[in-house]
Amino acid sequence: MIEEYQPPPLPPPFHHHHQHRTQSPATTTTTTTTTPPPPILLTQGAEAHLYKTHYLNATTHPAALKIRPSKPYRHPVLDRRLTRQRILQEARCLAKLVREGVAVPALYAVDWEGQTVVVDAATGEERYGGAWLLMEWVEGDVVRVVVQAWERAMLARFAADDRSPSSRRRQADGGSGSGPGSEVQMEVDGHGDHSDHGDNGHVERKREEERMKDLLRRIGAAVGRLHAAGVIHGDLTTSNLILRPASSKKEGEGEGEVDLEGEVVLIDFGLASQSVQDEDRAVDLYVLERAFGSTHPRTEAFFAEVLDGYRASYRGAASVLKRLEEVRLRGRKKSMLG
Amino acid sequence: MIAVGIEGSANKVGVGIIFHPEDGSTPQVLANVRHTYVTPPGEGFLPKDTARHHRAWVVKLVKQALQDARVSVKDVDCICYTKGPGMGAPLQSCAIAARMLSLLWGKELVGVNHCVGHIEMGRAITGATNPVVLYVSGGNTQVIAYSSQRYRIFGETLDIAVGNCLDRFARTLHISNDPAPGYNIEQLAKKGKRLVDLPYTVKGMDISMSGVLAAIDALAVQYGLNGEWDEKDDSADSAQGEADDGKPTRADLCFSLQETVYSMLVEITERAMAHVGSKEVLIVGGVGCNERLQEMMGIMARDRGGTVHATDERYCIDNGIMIAQAGLMAYKTGFRTPLKDATCTQRFRTDEVLVKWRD
Amino acid sequence: MSSSFVETIELAHLPPSMPVHVALYRDVKNAASLRQQLISGNADFEYAFIDANMVLSRAHALSAVFRAVNDSINGRLKSRNVHSEIVFSFSPANNIAESFRKFGIADSTKDLLVIKVSMTPDVTHDSVATHLSQHVEGSAVPFDDETLSNIADVTKIKKAYKLGALKTPPPTQANGTQSDGMRQLELSVLGAIALRGAT
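Residue numbers (full-length UniProt numbering), protein chains in the order written: chain C, 1 to 338; chain A, 1 to 359; chain D, 1 to 199.
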């Protein structure tokens, strides 16, 4: 029996969006807000469903609604304990980080009980609505998308250069022997010996790489501020970082460039915890390093910039980076007992 | 093509014979025999004694399998054996048996990863094409998904395996090891009602079991439920019911242990499914027989619009046929284990195997 | 008579049948008698009377309302009714009496925020406006962030929410820094309201 997956019904107070589709116009009011649209489902993770919605009213506070539905497979007592513990852990981390001035979505509202019974419209089944958390909506793209767009742009721009006479000559001279636009040409680790040719592409490429390096240092600094505030993210990936565009965007500058300006905002604290241990901090960085390597293999060689940004961000970063070397060596358990 | 498989990485020694028809149709199990080394209540199995058990049984089982399968030695294409992971001495006794047969019959050897054996047999039996695999046994706890010719481990236990956790608690309670400690815990758990609070440790897609075991062991001691006990008390486990004094029963502890650790397993499996975008789950390994685990996994999968595949005790408990199945798949891609390399190893990660037989 | 001094707001996600009526007053002259009505339990005076010095912004006040109404919908009121719960919801701590001392009306209150939720259909914008115009002696001002920023006692608010360590707001800083500081204070306050009672 395979059916199209339907998320469970929303818990209160969000459930009434389904029940009150039609409503009578409000009574005589001086300020009437039009009925806001129901939350829009964005992603269905294993643990939580994320919706885009708003807080208080439809215009002032765009918001993300994270719902942790109850898990009917678990014993109800255990389910309640885990759901409550986790939504609160996340909420506490967000609230603390806002107080500490770390760029994260602010906590607007949270309901950790999740024990209100809701009825599945399709099946008529009753279940607990689940705990929820409303937080600030962060504008911008996730860093994964930004880096991938930048990689594509680099490929497009500098692959064209490879067809220029100078670059053809280089290949004929017995260079890499790779074809135009090949991956080898696009390695951004700076091994490519462009300086001999002194062409414009080289300067521009360097400039583009510097822009990326700057973003990576800002990412490192953001993680540093997080750790300095005593929080471990637990799931650092480039999908859990948003590049929030600067409010005053400089128009016209850098035609066709991928925008790498803006503030790095950390999101999704579903696995976060509070700790100031070097070990926990180092593992947090290690997770990011591995995720970066597997998601952005072409830009992996620049990852050192993240660590540079981290090093400069708070006292204590140096000993964490030292610990990171140990964590790397240890790696994930290299072998296992049968 | 026909392959003989010999498995003996833990306390079971098994021999299986599989037949892959030339036309590529469904593989047929020609024989699948097994003998388990059962220890008295309160005791685990030691490598030396287990190896002795395997040595005593392996020849009998091979003869039995050939007889069941109605094939003669000349029909056999290759001999597959468990290279690892597992307990050293028992693995060695089976590797020696495999090498001996190879020389005696003049057949080539295929060393098989035990975990890959479980996965391939599970796929063959259930027809699951590309599932997320939960592999749960006395020695292993892994969440696995296939990608680019490897079975990649997305999550695993950071300390002890789930089966080991259950077995050790069975020892604490002096629960019988016949037919298996986990089976007897499951039966006792059915009478449990009250859920006691136990540590629940999930880190991303990894889990930890040692804290749960330490906590439940401590509760057993605290309430005087550990050690030898009277069979007659068994009825008390169920009858006590509501007239309780706040004291958990042995059944309550088994129930709580199962509910807690199985929730952890289902949770990391669901995470892996969400991560790779899969809707199928396959449960393999000895703990995969547990009906409560299958039920919980089923509810999770249904909620995601997916399905769960599980096998019965013939295939989920360690067996020879799975080694024959995985070995023959490798053999058909040209894989061989030369005699001089036909050793075994206690450590052998699932993701070390190049899965050449899949796209 | 114009009733425009009462603003009626439908808070997002809360049932449209339960709009919130809000009025903000300065130079209130009869705070003591209003408080007396409240203490005596006069049902006609079932309002959330908030000391407006303790209110940072609209979002601050409406967050307390949202929390109280949501707790009410879910049957989790910790105090007598949704209006006392609103006063309680301003508080970051679990002590109801203390929340009234810190955020509720006092005899000396001059700046007053009045909140009423339509828990029943007979409570309407007009009924609230009529009743308030008869009983509150003060000058109504708009319930907006600009007005509130003139009324709010930031030091007291920071103390009540134990946010003294917050680097807010350096009053003389130029372009935007101050509002960033205020924004951080406001968001910190919203977090505290959301998490009250979490154990």
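Hints are computed from structural coordinates only; laboratory data are not their basis. Please note: incorrect hints may appear among the correct ones.
Computed cross-link-like contacts, DSS-like style, restricted to lysine-lysine with a CA-CA straight-line distance of at most 27 Å [stated by the list, open to error]: (1) D/K110 - C/K96; (2) C/K96 - D/K158; (3) C/K52 - A/K279; (4) D/K159 - C/K96; (5) D/K78 - D/K158; (6) A/K340 - A/K107; (7) C/K52 - C/K96; (8) A/K356 - A/K107; (9) A/K203 - C/K96; (10) A/K279 - A/K203; (11) D/K29 - D/K78; (12) D/K78 - D/K159; (13) D/K78 - D/K156; (14) A/K191 - A/K279; (15) D/K156 - C/K96; (16) A/K74 - A/K332; (17) A/K190 - A/K107; (18) C/K322 - A/K191; (19) D/K162 - D/K110; (20) A/K332 - A/K48; (21) C/K96 - D/K162.
From the derived model, a few chain C residues whose C-beta atoms are all more than 12 Å from chain D [what the hints assert, rightly or not]: (22) H54; (23) R92; (24) K96; (25) A221; (26) R323.
The structure displayed is predicted, hence computed values, not measured ones. We put the CB at the ideal spot given by N, CA and C, even for glycine.
Hints, one by one, checked against the model:
Between D/K110 and C/K96 the CA atoms are separated by roughly 34 Å; this puts the pair beyond 27 Å, and the hint is violated. As the CA atoms of C/K96 and D/K158 are separated by approximately 15 Å, the hinted pair is consistent with the 27 Å bound. Between C/K52 and A/K279 the alpha-carbon distance is near 25 Å, which keeps this suggested pair within the 27 Å criterion. The suggested pairing of D/K159 with C/K96 holds, with an alpha-carbon distance near 17 Å, which does not exceed 27 Å.
The hinted pair formed by D/K78 and D/K158 meets the criterion: a straight-line CA distance of about 24 Å does not exceed 27 Å. A hinted pair counts as satisfied when its Cα atoms are at most 27 Å apart, and A/K340 with A/K107 qualifies at roughly 14 Å. As the CA atoms of C/K52 and C/K96 are separated by approximately 23 Å, the hinted pair is consistent with the 27 Å bound. Simply put, A/K356 and A/K107 have alpha-carbon atoms about 22 Å apart, close enough for the 27 Å limit, and the pair holds.
Between A/K203 and C/K96 the CA atoms are separated by roughly 22 Å; this keeps the pair inside 27 Å, and the hint holds. Distance hint between A/K279 and A/K203 is fulfilled; the C-alpha atoms sit about 22 Å from each other, no more than 27 Å. At most 27 Å may separate the alpha-carbon atoms for a hinted pair to count; D/K29 and D/K78 exceed this at roughly 31 Å. Distance restraint check for D/K78 and D/K159: the Cα-Cα separation of roughly 24 Å lies within the 27 Å cut-off, and the hinted pair is therefore satisfied.
At roughly 25 Å between alpha-carbon atoms, D/K78 and D/K156 fall within 27 Å of each other, so this suggested pair holds. At roughly 33 Å between alpha-carbon atoms, A/K191 and A/K279 are farther apart than 27 Å, so this suggested pair is violated. As the CA atoms of D/K156 and C/K96 are separated by approximately 20 Å, the hinted pair is consistent with the 27 Å bound. Pair hint A/K74 plus A/K332 holds up; C-alpha atoms about 18 Å apart against a cutoff of 27 Å.
This hinted pair does not check out: A/K190 and A/K107 have alpha carbons roughly 48 Å apart, beyond 27 Å. The straight-line distance between the Cα atoms of C/K322 and A/K191 is roughly 52 Å, outside the 27 Å bound, and the hint therefore fails. As the CA atoms of D/K162 and D/K110 are separated by approximately 24 Å, the hinted pair is consistent with the 27 Å bound. The hinted pair formed by A/K332 and A/K48 fails the criterion: a straight-line CA distance of about 35 Å is larger than 27 Å.
Pair hint C/K96 plus D/K162 holds up; C-alpha atoms about 12 Å apart against a cutoff of 27 Å. Listed as a non-interface residue, C/H54 fails to keep its Cβ farther than 12 Å from every Cβ of chain D; the least gap is roughly 5 Å. Against chain D, the non-interface label of C/R92 is violated: not every CB pair exceeds 12 Å, the least being about 7 Å. Distance check for C/K96 against chain D: the nearest CB is about 8 Å away, which does not clear 12 Å, and the non-interface claim fails.
Non-interface status of C/A221 relative to chain D is upheld: no Cβ of that chain comes within 12 Å, the nearest being about 18 Å off. Remark: the non-interface label on C/R323 is consistent with the geometry, its nearest Cβ contact in chain D lying 29 Å away (cut-off 12 Å).
Checked against the numbered hints listed earlier, the structure breaks hints 1, 11, 14, 17, 18, 20, 22, 23, 24; every other hint is satisfied.
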